[in-house]
Amino acid sequence: MSLLIEKPGPLSTLQDAGRFGVRHLGVAQGGPADLHAWAWANWLVGNGWGATALEITLGGLTLTAQQPCRLALCGADMQARVNGRPLPHWQSFTLEPGETLALGMARSGVRAYLAVAGGFQAEPVLDSTACVVRDGLGGHKGDGSPLAAGDELRFDRATQNAGSNRSLPERERRGYQDDPVLALIPGAQFRHFEDHSLIEALSRPWTVDPQSDRMGIRLKGSLLQCNMETLVSEGLTLGAVQVPPDGQPIVLLNDRQTIGGYPRLGTLSPLSCAQLAQCRPGQALRLLTTTASEAQREYRKFRAQF
Amino acid sequence: MNPRLENAGFDAWLVRLFDDIDEASMNWIAALVQACEQAFGKQLVELVPSYTTLLVQFDPLTLDHAEAGRLLQQLLAKLEPLEDNTQHEVKTLPVWYHPSVGPDLARLAQHTGLSTQQIIELHSGHTYRVFALGFAPGFAFMGTLPEQLETPRLASPRSTVPAGSVALAGRQTAAYPRTTPGGWNLLGRTPARLFDPASQNLSLLRVGDRVRFEPVSKAEFERLGGDTSPMEAP
Chain Z
1 MSLLIEKPGP
11 LSTLQDAGRF
21 GVRHLGVAQG
31 GPADLHAWAW
41 ANWLVGNGWG
51 ATALEITLGG
61 LTLTAQQPCR
71 LALCGADMQA
81 RVNGRPLPHW
91 QSFTLEPGET
101 LALGMARSGV
111 RAYLAVAGGF
121 QAEPVLDSTA
131 CVVRDGLGGH
141 KGDGSPLAAG
151 DELRFDRATQ
161 NAGSNRSLPE
171 RERRGYQDDP
181 VLALIPGAQF
191 RHFEDHSLIE
201 ALSRPWTVDP
211 QSDRMGIRLK
221 GSLLQCNMET
231 LVSEGLTLGA
241 VQVPPDGQPI
251 VLLNDRQTIG
261 GYPRLGTLSP
271 LSCAQLAQCR
281 PGQALRLLTT
291 TASEAQREYR
301 KFRAQF
Chain V
1 MNPRLENAGF
11 DAWLVRLFDD
21 IDEASMNWIA
31 ALVQACEQAF
41 GKQLVELVPS
51 YTTLLVQFDP
61 LTLDHAEAGR
71 LLQQLLAKLE
81 PLEDNTQHEV
91 KTLPVWYHPS
101 VGPDLARLAQ
111 HTGLSTQQII
121 ELHSGHTYRV
131 FALGFAPGFA
141 FMGTLPEQLE
151 TPRLASPRST
161 VPAGSVALAG
171 RQTAAYPRTT
181 PGGWNLLGRT
191 PARLFDPASQ
201 NLSLLRVGDR
211 VRFEPVSKAE
221 FERLGGDTSP
231 MEAP
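Here the protein sequences come in this chain order: Z and V. The first sequence maps to residues 1 to 306 in full-length UniProt numbering. The second sequence maps to residues 1 to 234 in full-length UniProt numbering.
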């Protein structure tokens with residue numbers, strides 16, 4: 001049972017929840033850059049937390065069903081069509097054999113998630129199917145390759161008829177047009193930044209630099225001055241906001257390196273990382289401080305839905 | 001040692017044990033790794049040891065951030081360093097030191113004022129400690145290099161450094177587990193498989209390990225499965 005990839009788009013990769021327990025060996029986390037859209041896509045087809053779905057960056061993907069399958073598409077609006085008919089977003093649907101799902105380029109947001117009932121099948125590498133191109137690990141071939149034309153995405157026939165179609169409540173849908181306010185948990189080096197830098201960082205908008213990917217998103221704006229140079233390299237968590245000597249922050253995402261030595265303003269909450277991952281180059285955003293316990297409450301509330 | 005806890009997000013603490021790089025620190029960090037594994041059990045998600053710190057990431061669904069902090073404080077209060085593992089096994093990496101696979105040997109000689117032979121003797125005559133893994137899966141940052149070999153990294157990194165390349169930068173040395181871009185000075189190549197997702201141990205080297213480089217001939221390097229294809233001229 002499989003979907004045949006006709007056109008892969010610029011970067012389409014399989015992602016489960018990520019690769020854990022191996023960071024001490026230098027292995028990146030991987031996993032969906034937008035945790036929110038990925039989780040809801042899986043939910044729409046009845047999958048439990050962690051099922052493998054397809055992350056489609058920017059769009060341009062075309063695939064054809066070889067067997068009937070139940071799918072859901074969430075995240076960036078890529079003008080999806082099935083055999084030319086517009087496809088509603090944020091709900092599950094069935095693709096019949098021979099039908100083609102075609103995505104244009106993203107109109108708002110950057111990443112869309114395609115989930116299949118039961119999850120896509122791939123051989124786990126280090127207990128995860130998450131595709132990390134730079135590490136050469138995971139994905140549909142297990143070696144970190146992104147999708148290419150002619151590849152097939154496998155699924156289980158038995159799960160395709162189980163369950164009914166679902167639609168996502170309006171309040172959980174995202175349009176990605178609004179400039180987000182991202183929750184920053186201040187870190188240990190926060191106080192080493194000059195006062196005026198901190199005021200600027202928290203009161204002025206930042207814009208997303210085109211030089212951004214699954215490793216990290218660069219922000220452009222006021223130059224942040226820190227009274228410490230580089231540190232000895234130390235472990236990095238998802239959402240760490242590191243500030244190199246050029247004063248422009250980099251928010252580290254799923255494919256980040258495991259250790260690094262720049263001072264950090266703090267850490268974005270995982271749901272703020274998800275929002276940031278949908279920001280287009282040039283889009284504006286603001287940072288607002290929060291506490292670790294508040295971010296933890298927000299995350300638990302989110303996870304309780306799955 | 002004056003350890004302190006630093007906020008590293010909603011599901012992690014960074015324990016800063018030391019401020020400066022010192023080989024003896026690894027015995028303390030290894031002790032904290034063991035203590036965390038026992039104390040956190042299934043609630044542990046990641047432990048990332050590095051030169052002076054240990055990053056502790058826990059399960060945010062079952063453990064409160066503040067509670068995890070208290071647990072770490074308790075562990076630190078009674079922490080004792082692991083016994084020095086000098087007597088334990090030293091891992092050996094065979095290296096074919098040669099300009100065709102170590103294209104920076106000549107530059108290293110020029111920078112240090114040593115002959116190529118002296119560079120090889122110094123590099124292979126020392127036992128290193130693994131301080132951290134990072135950059136790529138299985139990439140071990142080892143130190144500390146004899147002072148005479150200290151050399152800055154390349155002004156402009158190479159876009160392709162072949163797998164197995166043995167390199168140095170600053171007071172550190174390393175071997176590249178896979179072909180990647182890189183800016184360290186290359187002095188040879190090892191046939192050792194440094195990272196293998198299919199093997200039980202995954203990474204040949206671990207933080208805290210002691211490592212030596214052993215010069216081998218081209219014939220021996222080939223016999224061990226080494227790739228002799230020369231580097232392109234820079």
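Among these hints, one or two may not hold up.
Just a sample of chain V residues kept apart from chain Z, beta carbon distances all over 10 Å, derived [as the list claims (entries may be wrong)]:
(1) ASN7
(2) ASP64
(3) ARG210
Listed next, the stretches of chain Z that the computed footprint assigns to chain V, with coverage defined by at least 3 CB atoms under 8 Å from CB atoms of chain V [claimed, not checked]:
(4) 34–47
(5) 182–194
Everything labelled a hint here was simulated from the structure, so no lab data went into it. Ideal Cβ placement from N, Cα and C applies to all residues, glycine included.
Status of each hint after checking the structure:
1. Chain Z draws V:ASN7 into its interface by the beta-carbon criterion, the shortest separation being 5 Å against a cut-off of 10 Å.
2. V:ASP64, annotated as away from the interface, has a beta carbon of chain Z within 10 Å; the closest lies near 7 Å.
3. Every beta carbon of chain Z lies more than 10 Å from that of V:ARG210, the smallest distance being close to 17 Å; the non-interface claim holds.
4. For the segment 34–47 of chain Z, the stated coverage by chain V is not satisfied: 0 residues place a CB nearer than 8 Å to a CB of that chain, which falls below the threshold of 3.
5. Remark: the segment 182–194 of chain Z is confirmed as covered by chain V, as 4 of its residues place a Cβ nearer than 8 Å to a Cβ of that chain, reaching the required three.
Against the hints set out earlier in the document, violations occur for numbers 1, 2, 4.
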